[in-house]
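Visitor: Residues per chain, in single letters:
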Amino acid sequence: MAFAGRSVELKRILESENIGLKEFREACFQGLDEAGLRPKCWRILLNCLPPQPARWSETLASQRKSYQQWVQELIIYPGEGQDDEEQRHDITQDDHPLNPNPQSNWSAYFKDNEVLLQIDKDARRLYPDMCFFQRPTDYPVKMDASGNITAAEYLRKRIDRCVLKSAAVVKNRSGGWNISGVSRKRTEYENLSESEEAHWEVVERLLFIYAKLNPGQAYVQGMNEIIGPIYYTFSTDKDETFREHAEADTFLCFTNLMGEIRDRFIKHLDESASGIVSSMNNLMDLLKSTDHVLWTCLEGMDLKPQYYSFRWLTLMLSQEFALPEVLRLWDSLFADAERFDFLLYICCSMLVLIRDQLLEGDFATSMKLLQNYPNPDIHKILVKATQLRKSRQIATGGSVTGIMIG
Amino acid sequence: MAKRSYDLLFKLLLIGDSGVGKTCILFRFSDDAFNTTFISTIGIDFKIKTIELKGKKIKLQIWDTAGQERFHTITTSYYRGAMGIMLVYDITQPKSFDNIAKWLRNIEEHANEDVEKMLLGNKCDMEDRRAISRERGEDIARQHGIRFLETSAKANINVERAFYELSEAILDKGPNKDKIPEAQPLPKPRSELSKCCN
Ligand SMILES: Nc1nc2c(ncn2[C@@H]2O[C@H](COP(=O)(O)OP(=O)(O)OP(=O)(O)O)[C@@H](O)[C@H]2O)c(=O)[nH]1
Ligand SMILES: [Mg+2]
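So the protein lines, in turn, are chains A and B. Mapping of the first sequence onto the working numbering: residues 1 to 406, in sequence order. Mapping of the second sequence onto the working numbering: residues 1001 to 1198, in sequence order.
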């Protein structure tokens, strides 16, 4: 179906009182690049919006309100019962390694700081080729009536404090502590005023809140690459009434998505059925039955799936392609009822599509190819993936169920 | 394919805490450039660079690993085949220095016994934020009997030298290099094996 026809069709589906999910998923699967429908459709596909548009405003209002509360509790007033700003800061500064006090709230606070520092390193490194994440958001979280202080300022101060502290309190060789007066230049924030927040700082806040609410996983590197494209999509929505709530809605969609893929981020689940090692093995099994020659060649070179597919599968390919391509790919992925099964077919089709180069190359050239996937034609990859799935379903005598690219 | 483009193949590994600058160091060495912001490494990255040393063309296969604990099960599988390991800390981050012992234990557990090691204190361009003195770096390296350099990927200090010194140490081991082919569980295509033996 032509692009124009597709978006008309999708709009019609979205206007019905009760969105038919099967029909809706099929339409989304074809891609949501046109007509600015992606943000809305992703919200539905990721269970942030129910299929009944009449319930949207009420659902959104309550979800956004909970998110606001988390910002308050976890970022603005992290030390319970310490609502006096002055006092809070003093106590934090006391909690350095010279004075470990396992009973205090602050040992937890201290531990959180490690998580925060890791998030900070990665949020800054999100899509460095694009200027978007460095630019200020139009919707910072304002902390005072005058709008001069933002929530980001709290995390900035907190990061500064713990960087300073760790630099100032340094263990010396004899086991004692050297306190040196190392000061940290604030160069990183120079381009933003206190009343502004960069988009990467919003991502940082989102990840920190997620880590606090999900202590079992906390933060694992790579989560930034999952949340990045979702936040980007929502905060570039043409519809302002949605765009202004990009942060809160991203949080919910990300949380729902992580609910499905979190096992891949947890080390002790690596070998479990839903863990990353099993996923990589499944991919190799799929390749073996799809293209035995290629599989044998990779095995022969000892080019292990960990070398490339660990990243492919953990990040749902978000580091392999430029952002517009990732968004297009995720349309189909989110739309598919068996989305993580389909991801395996996508990865397998990526291998098969460059089989000639892989068969010809030696270990080093093949590794380079797989780490920098050449000329990505997302449409071609998706068509191939749906074909692979279909022939596999036929071959194993199952019913042919997946959506095809029209 | 038949043309021999190098005499020897060395496998090097970069390890160390997240954010210390492993990817920047490798990028500086392979592309002679610095990027202030790099995407964080998930799993493992891979680069090739051919250098000349004592009249020999040496192909370096360099593996850049992810620093976060979560990835250790995945990344330690690369230790075994490595002939040289660069352990990097950040001179402005005491934590990354404290973790050296932990990384050395990883090497002991997972790498070949005769692997050449080198300790790098990176970001030495940031004098104003230095938290670990040069002497402390030298001391810990001496204690463990490993080479040491302070580097800056940003200001291009000692990066090339680090790779050359590590490669030279591997080269100087001499007879060991003949054992390399069989002893390598890390991937090595047959075509390449024959190249380095004649
Ligand atoms: N000033 C200065 N900054 C550096 C230097 N090397 C790296 N950086 C900065 O440190 C940050 C982290 O560098 P990376 O190379 O991505 O760190 P990494 O060790 O690969 O981190 P992971 O991939 O998470 O394990 C980058 O954003 C750089 O801006 C250096 O020599 N000097
Ligand atoms: Mg890296």
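Treat the hints as calculated values from the structure; they're not laboratory data. Since we're looking at a predicted model, the values are computed, not measured. We treat Cβ as the ideally placed atom computed from N, Cα and C, and that holds for glycine. Misleading hints may appear alongside valid ones.
Stated by the list, open to error - Derived lysine-lysine pairs resembling DSSO-like cross-links, with alpha carbons at most 27 Å apart:
(1) A:Lys111 with B:Lys1102
(2) B:Lys1056 with A:Lys368
(3) A:Lys111 with B:Lys1095
(4) B:Lys1056 with A:Lys121
(5) B:Lys1154 with A:Lys121
(6) A:Lys304 with B:Lys1154
(7) B:Lys1049 with A:Lys368
(8) B:Lys1095 with A:Lys157
(9) B:Lys1049 with A:Lys267
(10) B:Lys1054 with A:Lys304
(11) A:Lys11 with A:Lys380
Unchecked claim - Here are some, though not all, of the chain B residues that point toward chain A, as calculated from beta-carbon distances under 10 Å:
(12) Ser1018
(13) Ile1051
(14) Glu1069
(15) Thr1073
(16) His1144
(17) Ile1146
(18) Phe1148
(19) Asp1172
Visitor: So, for every hint listed, does it hold in this structure?
Guide: Status of each hint after checking the structure:
1. A:Lys111 with B:Lys1102: Holds - the C-alpha atoms of B:Lys1102 and A:Lys111 are around 19 Å apart, at most 27 Å.
2. B:Lys1056 with A:Lys368: holds (24 Å)
3. A:Lys111 with B:Lys1095: holds (13 Å)
4. B:Lys1056 with A:Lys121: Given pair B:Lys1056, A:Lys121 is violated - Cα atoms ~40 Å apart, limit 27 Å.
5. B:Lys1154 with A:Lys121: At roughly 17 Å apart (the allowed maximum being 27 Å), A:Lys121 and B:Lys1154 satisfy the hint.
6. A:Lys304 with B:Lys1154: Judged against 27 Å, a Cα distance of about 33 Å means the pair is violated.
7. B:Lys1049 with A:Lys368: At roughly 12 Å apart (the allowed maximum being 27 Å), A:Lys368 and B:Lys1049 satisfy the hint.
8. B:Lys1095 with A:Lys157: Within the cut-off at roughly 20 Å; holds.
9. B:Lys1049 with A:Lys267: violated (32 Å)
10. B:Lys1054 with A:Lys304: Cα-Cα ~33 Å, so violated.
11. A:Lys11 with A:Lys380: holds (26 Å)
12. Ser1018: Since chain A brings a Cβ to about 6 Å from B:Ser1018, closer than 10 Å, the hint holds.
13. Ile1051: Violated: closest Cβ of chain A sits about 15 Å from B:Ile1051, beyond 10 Å.
14. Glu1069: holds (8 Å)
15. Thr1073: holds (6 Å)
16. His1144: violated (14 Å)
17. Ile1146: Check failed: Cβ of B:Ile1146 comes no nearer than 17 Å to chain A, outside 10 Å.
18. Phe1148: The hint is violated - B:Phe1148 has no Cβ within 10 Å of chain A, the shortest such distance being about 15 Å.
19. Asp1172: violated (24 Å)
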